[in-house]
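Student: Each chain, written out:
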Amino acid sequence: MYYGVSYYPEHKTKAELEHDIRLIKESGINTVRMGEFAWNRFEPNEGEFHFEWLDLVIENLGMDGIKTIICTPTACPPAWLVEKHPDILYMDNRGVRRPFGGRRHYCYNNKSFRKYSALITEKIGEHYGGNPYVAGFQIDNELAQEGTGRCVCPTCSEKFRNWLKNKYKNIENFNRRSGAVFWSQECNDFSQINPPVNTIEVGAQQQIHAFYENPTVRLDFERFSSDSLIEFQNLQTKILKKYTKYPVTTNATGIATNSIDYYKSTKELDCYGFDYYPGLRDTAVDSFPYAFARGIKAGKPFWVMEFMSGGGHRLGGSGRLQPNPGALKQAVIQSFAHGAQMMLHFQFRTFPIGAEQLNYAIVDADGVPRRRYYEMKETAEVLRKIEPIISNSKFVNEVAICLDYDTHWALRIKPVNDSSFYYFDYCRKIYQSLSEVGVNSDVISYDQDFDQYKIMILPTGFVLSLEMREKLKNYVSHGGILLGTFLTSVKNIDNVGYVGSLPSGLSDLFGTTVEEVEPVFENNHNHLKIEEGDCSITTTDEIWSEILSDDSELAGKYLTDYKKDKGVIARNSFGKGMAYYIGTDFCKEDLKTFLLNICKNNGIFIHELSGNDKVEVVRRRYEGKDVYFIFNFNSEETEIHVSGMFIDCLSGKVLKGKHKIDRNGYLIAMKSV
Amino acid sequence: MYYGVSYYPEHKTKAELEHDIRLIKESGINTVRMGEFAWNRFEPNEGEFHFEWLDLVIENLGMDGIKTIICTPTACPPAWLVEKHPDILYMDNRGVRRPFGGRRHYCYNNKSFRKYSALITEKIGEHYGGNPYVAGFQIDNELAQEGTGRCVCPTCSEKFRNWLKNKYKNIENFNRRSGAVFWSQECNDFSQINPPVNTIEVGAQQQIHAFYENPTVRLDFERFSSDSLIEFQNLQTKILKKYTKYPVTTNATGIATNSIDYYKSTKELDCYGFDYYPGLRDTAVDSFPYAFARGIKAGKPFWVMEFMSGGGHRLGGSGRLQPNPGALKQAVIQSFAHGAQMMLHFQFRTFPIGAEQLNYAIVDADGVPRRRYYEMKETAEVLRKIEPIISNSKFVNEVAICLDYDTHWALRIKPVNDSSFYYFDYCRKIYQSLSEVGVNSDVISYDQDFDQYKIMILPTGFVLSLEMREKLKNYVSHGGILLGTFLTSVKNIDNVGYVGSLPSGLSDLFGTTVEEVEPVFENNHNHLKIEEGDCSITTTDEIWSEILSDDSELAGKYLTDYKKDKGVIARNSFGKGMAYYIGTDFCKEDLKTFLLNICKNNGIFIHELSGNDKVEVVRRRYEGKDVYFIFNFNSEETEIHVSGMFIDCLSGKVLKGKHKIDRNGYLIAMKSV
Amino acid sequence: MYYGVSYYPEHKTKAELEHDIRLIKESGINTVRMGEFAWNRFEPNEGEFHFEWLDLVIENLGMDGIKTIICTPTACPPAWLVEKHPDILYMDNRGVRRPFGGRRHYCYNNKSFRKYSALITEKIGEHYGGNPYVAGFQIDNELAQEGTGRCVCPTCSEKFRNWLKNKYKNIENFNRRSGAVFWSQECNDFSQINPPVNTIEVGAQQQIHAFYENPTVRLDFERFSSDSLIEFQNLQTKILKKYTKYPVTTNATGIATNSIDYYKSTKELDCYGFDYYPGLRDTAVDSFPYAFARGIKAGKPFWVMEFMSGGGHRLGGSGRLQPNPGALKQAVIQSFAHGAQMMLHFQFRTFPIGAEQLNYAIVDADGVPRRRYYEMKETAEVLRKIEPIISNSKFVNEVAICLDYDTHWALRIKPVNDSSFYYFDYCRKIYQSLSEVGVNSDVISYDQDFDQYKIMILPTGFVLSLEMREKLKNYVSHGGILLGTFLTSVKNIDNVGYVGSLPSGLSDLFGTTVEEVEPVFENNHNHLKIEEGDCSITTTDEIWSEILSDDSELAGKYLTDYKKDKGVIARNSFGKGMAYYIGTDFCKEDLKTFLLNICKNNGIFIHELSGNDKVEVVRRRYEGKDVYFIFNFNSEETEIHVSGMFIDCLSGKVLKGKHKIDRNGYLIAMKSV
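In order, the protein sequence lines correspond to chains H, D and V. Here UniProt numbering is used: the first residue of the first sequence is 1, the next is one more, and so on. Here UniProt numbering is used: the first residue of the second sequence is 1, the next is one more, and so on. Here UniProt numbering is used: the first residue of the third sequence is 1, the next is one more, and so on.
I should point out that these hints are in silico values taken from the structure, not numbers from a laboratory. Only a predicted model underlies this, so the values are computations on that prediction, with no experimental measurement involved. A couple of the hints might just be wrong.
As the list claims (entries may be wrong) - DEER-style ranges, computed between Cβ atoms: (1) H:391 x V:173: 46 to 56 Å; (2) D:650 x H:561: 25 to 35 Å; (3) D:553 x V:608: 50 to 60 Å; (4) H:283 x V:613: 30 to 40 Å.
C-beta atoms are modelled at their ideal positions from N, C-alpha and C, and glycine is treated no differently.
In isolation and in its complexed conformation, chain H is listed as follows:
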């Protein structure tokens, strides 16, 4: 278990460095991440490499048991490199090159940039690959962040054409599969295809108003750009692995940015690493990103490379709130409870310089340790105590939610009820609903093993391959319970609509056909009644509404307007299992009731610790016993009720019946059986 901070020795005077290292050592943390923006210190002139400045720090820390994560510094190509090769600069969708002066101003496909990146990586691998004080490597920094993941420079454009050629083999295939006949967009040659000017990149320069491009080309460009970034990343992975046995990863930006398919990008990495900046002031820390992270490599522990540390200023804009006293500790333990193996605060000490000057950190710019520092110290202490439980307990979830980047991208390209519906938020809503009714779930990709789960949830499987159709049918026919929701199996992997009735190719599985679809806006809600098992709910459709065919076995019907008595939820026995199709969304409270009922009916474990919505419970198994990690996110002390007998893992006390948890408090309780 790694706990620590980011640190930037290259910014410091000798005296500051000594001061900081002393504080770091006294804090009890065991990991420091360094080097990710220091290219110009590593290589101040072309071919002239310097590591001594960092070696000293690593050794100094290492002698006291503090390990270093070494980063390759390729997020910040220095001035001399830009000057020599101005074509390495990133080009935005309006053809403007991002200038030297910020960060991430490079094209990941540019050959010169790749050459220089490979060289600095080679040198770093060579130099640090076997250093006993090093714990692992981070490649680059937040790839694609800040709108740098959809370069359209000539290199990228040309490479994209080749990518298409590689996928479609010949132009006739491209024309046919992409539906290029629409608007006479058929090409005689791949050379006639442009990268789209409208991408999902948030940082892209103003998109062209009302300029609608081919959705197949658009999805392909998202994939191509993601693939290119992965290829760039893995050039470094490969080099580092020549020199080291330590884990190699990068810091993803999680489900916040999503310009890269992390399921693909993490394949050659040793673990999934990501950055997470939740608020820590009177708010629950959302654990969906952790579930997502845990699912990337099928349950392997993940690394949090950067984590929120404090209040004050911010990169731009309005500043950050300070954490509540206790919130930082609580959040760190929560992270480990959900499967983290590393958790590093960004960052140790506030920068006085540069674009991130005055931002949040553990220690203020003046270097005086204050409450955040002391809380980090206490946290390190607690972590040492709970390490055995964390490291040796495993997740035993019976429900999984599966999600997919093709669907995410396709829904950004062709939105559904924009801006009310955001795919990952919808998945998050299902995850949280389960959690709040006492069911921990996993979040996995379409590629992972479904059979270990009793219930599989497929939220809006918009883009669905023929293989995935078969996989779902297999899963259910062997006894699985599947919940699919509206707009499932609408498009094929080319982002082209299926011409079969919806859910296309899955009517046998779900026992229903979609007769009519429409978005749900403010003025066209309909009431509906869900009848399933013991559960009878009257609720209201949201986001999107589908009418299911009369031949369906209905678990939900509309109650109002011309949809009255039409189906909205269908249920179908299929092989040994059961498949539900849910043709709309509804409010969280009703979704919780519905999901709880399904879980109960199917023998899913529901934990016995009832708190309230703002008390999160993570259940894991440790040496054959249930261990519960319980977090109070209420803004005041709360009371939980335990059924059965538990042991408080930290105090060793026995817990029975009612038990109080402080504001920002937590409890680690082992079932006493």
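Given the coordinates of chain H, work out where chains D and V should sit on it, guided by the hints.
Tutor: Relative to chain H, chains D and V alone:
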């Protein structure tokens, strides 16, 4: 009477085509529009023309009595053409070329593009001009739509300079008439003039903040661009007319876009065609666009080339609601009641491919006929029954509203109380107010004949030529009743302010002078009292407020603040007629009362069918009798009260006293005299 | 005292000119500003100069005692100049040249432009420098307005690099002082540095999303651009002063735009001139811009070159309201009461032409004098009466607020609680709070003399030089009372954070150290209690919250949450004086109570005229007596209560006890002692 759909045989496999054609035939519609985006199928390589793929479909449909509207495909120049002549690409106001990859990526003034457009049009005219199964031709598709009507490429810039030269003859005239002395903008030569970077084009790239250009040059550029688009269109008109006797038109985007002066653009066309996408879910379908359409060619029937068909997805964004059951039928009949001769749904079957994939259509992507299809079928049946009445009844309106593109453009260039005041919405408000009090009105251009109307309404005649002043005076002096409203005769045709007191040159006509003007914002409303005939209303000024001179004969005075007792509405006998000047706007209810009073006092026919605001009544004359088309746009059944005796044209039943109309229902009733 | 209008004889026909001049003369005003956009009339072709058209007007007016302010016309380089030297065009942050067609389309650093500007200025100076009818000169027009103050053309880029070189001497210094090590931004040579793409310029083309540049380079670019504009301005100042003894100034855009440091830019000018367009309809005219203006040259009278005149249309957008009857007169007298020496309405007569056509003016486009004209005439009459008092009375304020452009720019570059906190608004709030409790204050720069004031207020001294630290300590140690507020002494003059504890280097002065900082958003307010002298207030923190060290002498503590009992306001005796540090903002009412208490305790004069918040009182000293200028900004008549005896300076009546002032009325009262 033509009723049908758009269809895209070029997208289809043979099996799909057979399936669709069978459904089309079974539906009872009689018209299909085809070909508007199929340039690459018509001419897959330069000079290689293919029509056989379409001929078969036309013949197949035609044999069963279904006519085809053939479109020229110039909205989508294919890849080979763009590759050979990249200078045909549209250039936006920031100098960026619109790339191949969407549609309408062309400059309408570019010589190469015009040459290729002429050739494909020639071939189409030659091939289909005499085809017995063809009913007419559509040129291009939605000219200027999606921000493609204000190209500033070198060709356009040069042509604009010549346009100015042609208008102003010499640079001294230009300097003088455009007020170029302001900000030292006088030019020594036309070559020094740039197209403005700020245009009214909604799709234009971000306009330069706080960069204020000469309003004369700006209005001239709007006119020049409109003229250029018309010139481009009429190159095709001329060619097609060499080969065909069938009607030739295009599909305008109506008062939604307004980058083209449709009064000018329709002159050489056989009728006005336009596209209309109203909501059909629990909402009244606005008939102002129909009145506008009917007025384009002085009462001639118009064609609706594309009309709303269903719900689901959309070109971009949030999706579309499904029509209420019955709403589609109701809307189609309403359209014919208002003067349509053709009404084609966009489109027959949902696209699985391309930028418009998954959009609304009559039949879903899976090709299964459902309620919208069956409703279209019923509608076709009804239309066959009412065709004699529709085709042989005429409009006999006594009130007209006149509107003008120069005023519209001038008000976009120099807005008045932006964003509360939108000229066409203001005209629409007057139209609807009249309709709701039982008075059908016409909407006409400044160029049309005023003398056939008892009452003429001139809403904000902002840009007013000297000729129009005379026309208005003539109209009133011969007995007409004129209602002019605030900001009338403010500017001359060069978009330069008149230096006479307002309403400039019309004080004799209106018997008043404007003493003071200002916008009306949230905090400076004043109450006012209208006293005219039997009508006494206390209301509140809106949008804009003018104080009229004390020597006016007042029909309305302010009641409050420093404007107390000052005039706001003036009335003046002029020759045999009467002119009203209304120096502000007011709420719709009070506007209705005021207009009803004026209509009553002047013997305007007010229909005897009273419903409520959401029941629309269209009165026409058929064989000497009044025939009423009545539409219930309430969200429930409604009851109307008829005075006198009527015959229900569809059932033949006699109607007297109270009568119920279903939700989304309609009634066609003939006065039984 | 100068009172008058802007006028544009170059727009007029001979008849219009005669008409206008007659009205101007009859109005009683004594000043007209002319020529600021007339370059092409002064020099219609290169090297061909014409002044006769203006000479006639100047002489005609001058013969009747009306003086002219002559403007250099460099805001509008004519077409022939742009055509010959297209490189003079302004380049925005995306590299787009602003075209000819608006105004201010020039680069102030361009050599060709400077040459032509110098020549036309030379000719104007030569021609008008000694003209007896001229009262002064205005250089250019609203420098930097409308987004024209941050040009990044090659000339500017190169010059910026030289500016940096000049400041930092060598690249090592630059790298070190700018913190360029952050994100590997160290340069090997100044040639590698770019002007930032993100500036504070409002008119800049869309800034690059999430592209964060070095804050030192950003602040330096703001200074460089301001310096460049000043340099451009002073090329003209120097030329004009060769030829004239009359005052030379320009028209700043005041604290509205702030792209130029007016403390620097006014140094070589004879007075500070600025444009001011407050609303005049049922609203108080904010006098903070006047206090700011008076402070620019340490109390010297200022000129208002353009002032609001009427309602109707506007440069773009929504139009302007008319002034209340009386509001124009009231506003003009208020301006003189606050230290104006000149006040010119923009403008005499509404333009029918150009980008500003139909905008507000004293006389409408039709040339008919109406109420605004007659009110101007009455105002001129009043001004003649009060001139002796205005010209001979002085300000005797004991409190000053000091502000600074470095802090303003630094807070735009790295905002604090954006968009709630705007530095100048915060300064304004303090100024108004003082005014509303009866204390007139001065607004001065950091460079001015502090010792003449009993109380000095330093609102958020964010960027604070070492010299300023010393100055503050000297001020207090010699007996001054200092109020510093949150985020003081955070950054050095390189826009780099201090590494000392906050307020950096001033803990001895304020007797406190900042322990923790954070913004205050909607959900993290805390209550706090202020105890200072007789004043005990319970209030709520706003905008930003700091926790002060426990060793402080506290005048305010938090009451709630984890901040309970922590300090927020500290008080410290330092030498002979006292320093307060206020670690948050609070609502205006509580700020008023707090400030009033401090003023009372320190013997500050508080005037005896109590009205209400919307009655403004300006106190000056005239011949040893207090004279009060009192303005009623309520929307109705108000009653004031005077203690003691006063004489109404206009009527000569004695005032005692209660006294009524009309809506939009004013009173000039001399203390009768």
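Student: For each hint, tell me whether it holds in the structure or not.
Tutor: Evaluated hints:
{"no.": "1", "hint": "H:391 x V:173: 46 to 56 Å", "in the structure": "holds (51 Å)"}
{"no.": "2", "hint": "D:650 x H:561: 25 to 35 Å", "in the structure": "holds (26 Å)"}
{"no.": "3", "hint": "D:553 x V:608: 50 to 60 Å", "in the structure": "holds (55 Å)"}
{"no.": "4", "hint": "H:283 x V:613: 30 to 40 Å", "in the structure": "holds (39 Å)"}
Checked against the numbered hints above, the structure violates none of them.
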